[in-house]
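Peer 1: Chain by chain, the residues run as shown.
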Amino acid sequence: MGRQYDNGMIDMKHITRYYQGFNVFLLTMLIVPIANNMGIMWVTVEATTLVSVLLIMLYFKQNAIESAWKYLIIATVGLSFALIGITFFYYANINVINSSDAMNWTEMMHNSKLFDPNLVKIAFVFILIGFGTKAGLAPMHTWLPDAHSEAPTPVSALLSGVLLNCAFYCIVRFHIISSSTIGPAFSSQLLIILAVISVGIAAASIYFQKDMKRMLAFSSVEHMGLISLGIGFGGLLGVYGTLLQIINHAIVKPMMFFASGTITQKYETKAISKITGVIKVMPATGVLFLIGGLALVGMPPFNIFLSEFLILGAGLKSGQFLATSLVIIFLVITFAVFLRHVIRMVFGNPSPEIKNDSMGRLAIIPVVILGSLVFILGVYIPEQLQTLVHNASAIINQGGST
Amino acid sequence: MIFSGAILLIATFGIVTRRGFADWLGAYRYQSIVLAAVTALIAYVTGIWEIYIAAGLTLVIKSIIIPKVLLYVTRNLEIEFKVETNPYVSLRASVIISAFLVALSYFLTQQIPFKSDPIVSTYLPISIALFLIGLFVIVNRRSALNQVVGLLIIENGLFLFTLTLTHGVSLIIEMGIFADILVGIIISSILLLRISRTFDSLDVGKLQNLRDD
Numbered sequence: 131m132g133r134q135y136d137n138g139m140i141d142m143k144h145i146t147r148y149y150q151g152f153n154v155f156l157l158t159m160l161i162v163p164i165a166n167n168m169g170i171m172w173v174t175v176e177a178t179t180l181v182s183v184l185l186i187m188l189y190f191k192q193n194a195i196e197s198a199w200k201y202l203i204i205a206t207v208g209l210s211f212a213l214i215g216i217t218f219f220y221y222a223n224i225n226v227i228n229s230s231d232a233m234n235w236t237e238m239m240h241n242s243k244l245f246d247p248n249l250v251k252i253a254f255v256f257i258l259i260g261f262g263t264k265a266g267l268a269p270m271h272t273w274l275p276d277a278h279s280e281a282p283t284p285v286s287a288l289l290s291g292v293l294l295n296c297a298f299y300c301i302v303r304f305h306i307i308s309s310s311t312i313g314p315a316f317s318s319q320l321l322i323i324l325a326v327i328s329v330g331i332a333a334a335s336i337y338f339q340k341d342m343k344r345m346l347a348f349s350s351v352e353h354m355g356l357i358s359l360g361i362g363f364g365g366l367l368g369v370y371g372t373l374l375q376i377i378n379h380a381i382v383k384p385m386m387f388f389a390s391g392t393i394t395q396k397y398e399t400k401a402i403s404k405i406t407g408v409i410k411v412m413p414a415t416g417v418l419f420l421i422g423g424l425a426l427v428g429m430p431p432f433n434i435f436l437s438e439f440l441i442l443g444a445g446l447k448s449g450q451f452l453a454t455s456l457v458i459i460f461l462v463i464t465f466a467v468f469l470r471h472v473i474r475m476v477f478g479n480p481s482p483e484i485k486n487d488s489m490g491r492l493a494i495i496p497v498v499i500l501g502s503l504v505f506i507l508g509v510y511i512p513e514q515l516q517t518l519v520h521n522a523s524a525i526i527n528q529g530g531s532t
Numbered sequence: 279m280i281f282s283g284a285i286l287l288i289a290t291f292g293i294v295t296r297r298g299f300a301d302w303l304g305a306y307r308y309q310s311i312v313l314a315a316v317t318a319l320i321a322y323v324t325g326i327w328e329i330y331i332a333a334g335l336t337l338v339i340k341s342i343i344i345p346k347v348l349l350y351v352t353r354n355l356e357i358e359f360k361v362e363t364n365p366y367v368s369l370r371a372s373v374i375i376s377a378f379l380v381a382l383s384y385f386l387t388q389q390i391p392f393k394s395d396p397i398v399s400t401y402l403p404i405s406i407a408l409f410l411i412g413l414f415v416i417v418n419r420r421s422a423l424n425q426v427v428g429l430l431i432i433e434n435g436l437f438l439f440t441l442t443l444t445h446g447v448s449l450i451i452e453m454g455i456f457a458d459i460l461v462g463i464i465i466s467s468i469l470l471l472r473i474s475r476t477f478d479s480l481d482v483g484k485l486q487n488l489r490d491d
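In order, the protein sequences belong to chains A and B. Just add 130 to the spot in the first sequence (first one is 1) and you have our numbering. Just add 278 to the spot in the second sequence (first one is 1) and you have our numbering.
Check each hint, because a few of them may be wrong.
Stated by the list, open to error - Taking lysine-lysine and the DSS-like style, the derived pairs with C-alpha atoms no more than 25 Å apart in a straight line are: (1) A:Lys410 / A:Lys400; (2) A:Lys143 / A:Lys191; (3) B:Lys393 / A:Lys251; (4) A:Lys200 / A:Lys400; (5) B:Lys360 / B:Lys484; (6) A:Lys191 / B:Lys360; (7) A:Lys191 / A:Lys404; (8) A:Lys400 / B:Lys360; (9) B:Lys393 / A:Lys340; (10) A:Lys200 / A:Lys410; (11) B:Lys393 / A:Lys243; (12) A:Lys191 / B:Lys484; (13) B:Lys360 / A:Lys200; (14) A:Lys200 / B:Lys484.
In short, the hints are calculated from the structure, not lab data.
Please take these sequences and the hints and turn them into a complete structure.
Peer 2: Take a look at the structure:
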């Protein structure tokens with residue numbers, strides 16, 4: 131941001147608006163997981179949409195306005211489906227017990243065994259479509275590549291690393307309730323179907339990408355697909371792997387966006403074909419970009435390998451052979467095409483007019499921190515994190531007893 | 279009761295059949311006033327005082343503030359931006375499709391096991407019909423203004439839906455939803471202005487720079 135300010139691309143008004151919006155955005159995303167009341171959760175998810183629309187169209191560029199408009203319409207319509215789903219759950223709950231807390235998740239969980247199964251099925255479908263739109267699950271993902279590629283870099287990082295997980299978290303909450311009412315088979319099956327479509331579409335789209343940030347955005351679709359797959363497979367191991375995957379993805383994706391933001395400012399383009407030889411122009415950024423790329427496709431010493439392995443292992447264990455093998459095929463395709471793009475950008479000879487200097491040391495620090503986390507979590511998971519993830523997956527599997 | 283439901287539907291059809299922005303806003307305002315009356319009616323039947331507040335908020339926000347905001351934003355737009363000249367499906371066909379959507383929503387609500395309750399049986403199909411017609415308007419029309427109106431219809435449908443099914447979620451949530459709509463409308467009007475300036479049109483069919491090919 132500072133550099134763009136110096137270049138005169140943006141003025142003080144934008145800076146103020148950016149920091150206001152950024153912090154409100156963080157606040158709304160913090161309230162989503164804290165809210166016990168499902169209505170308030172919905173209101174805050176809707177609020178994240180509104181704030182992030184403002185952040186995406188910060189520069190009022192033509193493409194940014196277009197993507198912001200698409201995002202606003204698609205996400206708002208999607209979330210109205212989610213509200214219908216929430217209302218159905220609420221209705222099922224007040225049919226059982228008419229208390230003023232009937233909108234609370236804990237209350238719903240408490241009574242979930244008594245819900246009308248048909249009502250819960252309809253409700254979960256609405257929830258899945260609604261929050262699935264926001265979480266970027268295919269085929270409702272169309273806003274995602276536009277919004278992520280046109281937003282300012284830190285906003286892309288937040289959208290990809292945090293917002294998608296917030297939306298997915300809402301799905302998980304209702305998945306727990308519906309599993310408790312009608313057994314996990316129904317909602318898991320739906321989650322797995324959407325997951326396979328997401329990973330497949332992402333694999334195909336990454337192959338045709340010409341724009342670096344769009345490519346990263348489709349990689350987010352792929353990873354949301356994997357996360358949904360893990361929750362769908364279930365089992366202690368699957369859910370554990372999924373939660374790790376959420377954390378790992380939230381570390382790697384911002385790192386990639388920051389690195390690509392630096393590269394974009396340097397080369398003044400986002401086109402993959404015009405970016406070559408990053409490692410010669412900016413050695414540190416180039417190496418980190420390569421590490422992030424390898425981590426994203428799930429190469430062994432890095433963190434995502436571990437969680438993907440756990441998820442796919444859980445899939446084989448739970449007997450979902452078709453879905454697992456399809457996803458493995460798509461992952462192999464993604465591996466090949468994603469790495470092809472990354473390697474083409476990182477290596478090769480830079481065009482002569484690019485000056486050979488780094489972008490300033492400050493820009494590299496967050497990327498280095500995230501990069502070291504990527505490596506550390508790949509070989510060693512701290513005990514605190516282990517306990518946290520383990521307990522969380524126990525809640526998802528058995529239903530919250532709180 | 280069925281009479282007020284019919285008026286809601288007629289107002290929605292008014293939006294479907296008209297080309298001009300002023301007509302849509304008029305129909306929307308009309309619909310919102312009836313919606314507020316329906317809300318007050320439900321409050322009277324169920325005897326929950328909080329719903330009266332929701333009715334008042336509906337009246338103030340939806341029938342006064344939102345049309346005012348939209349009129350204010352669009353006051354400088356040229357007249358051709360405010361008219362839907364070329365929808366994807368012609369207006370006559372849209373009326374027939376909307377009628378089908380109403381029939382569909384009556385059919386769908388019969389499939390779901392609800393408690394028999396005069397309020398639910400009267401207004402639930404209508405709320406779903408509003409929702410579906412709103413979706414149809416968004417998909418069918420090219421004008422960005424009309425998409426905003428479509429969102430507003432969807433929102434009215436949702437409001438009626440939650441109200442009839444649950445007799446009003448708690449007041450704080452209603453307030454939150456109202457605040458969301460209001461901010462949403464303000465943000466979308468900023469976007470509308472920007473679209474009209476940058477693209478020199480409000481035709482969303484022209485928003486196609488970003489695509490994968």
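Peer 1: Going straight from one Cα to the other, do Lys143 (chain A) and Lys191 (chain A) come out at no more than 25 Å?
Peer 2: Status holds; Cα separation ~16 Å.
Peer 1: Under the criterion that the straight-line Cα-Cα distance not exceed 25 Å, is the pair Lys360 (chain B), Lys200 (chain A) satisfied?
Peer 2: With a Cα-Cα distance of about 20 Å, the restraint between Lys360 (chain B) and Lys200 (chain A) holds, given a limit of 25 Å.
Peer 1: Is Lys393 (chain B) close enough to Lys243 (chain A), meaning Cα to Cα at most 25 Å?
Peer 2: holds, 19 Å
Peer 1: Is Lys410 (chain A) close enough to Lys400 (chain A), meaning Cα to Cα at most 25 Å?
Peer 2: holds, 18 Å
Peer 1: Are Lys191 (chain A) and Lys484 (chain B) close enough, with their CA atoms no more than 25 Å apart?
Peer 2: holds, 15 Å
Peer 1: Quick one, are Lys400 (chain A) and Lys360 (chain B) close enough, alpha carbons at most 25 Å?
Peer 2: violated, 36 Å
Peer 1: For the pair supplied as a hint, Lys393 (chain B) and Lys340 (chain A), confirm whether the alpha-carbon distance does not exceed 25 Å.
Peer 2: violated, 54 Å
Peer 1: For Lys360 (chain B) and Lys484 (chain B), compute the direct alpha-carbon distance and say whether it is at most 25 Å.
Peer 2: holds, 16 Å
Peer 1: Would you mind confirming whether the straight-line C-alpha gap from Lys200 (chain A) to Lys410 (chain A) stays at or under 25 Å?
Peer 2: violated, 38 Å
Peer 1: Is Lys200 (chain A) close enough to Lys484 (chain B), meaning Cα to Cα at most 25 Å?
Peer 2: holds, 12 Å
Peer 1: Taken at face value, is the distance from the CA of Lys400 (chain A) to the CA of Lys200 (chain A) at most 25 Å?
Peer 2: holds, 21 Å
Peer 1: Within a Cα-Cα threshold of 25 Å, do Lys393 (chain B) and Lys251 (chain A) meet the stated pairing?
Peer 2: holds, 17 Å
The structure is inconsistent with the numbered hints 8, 9, 10, although it conforms to all the rest.
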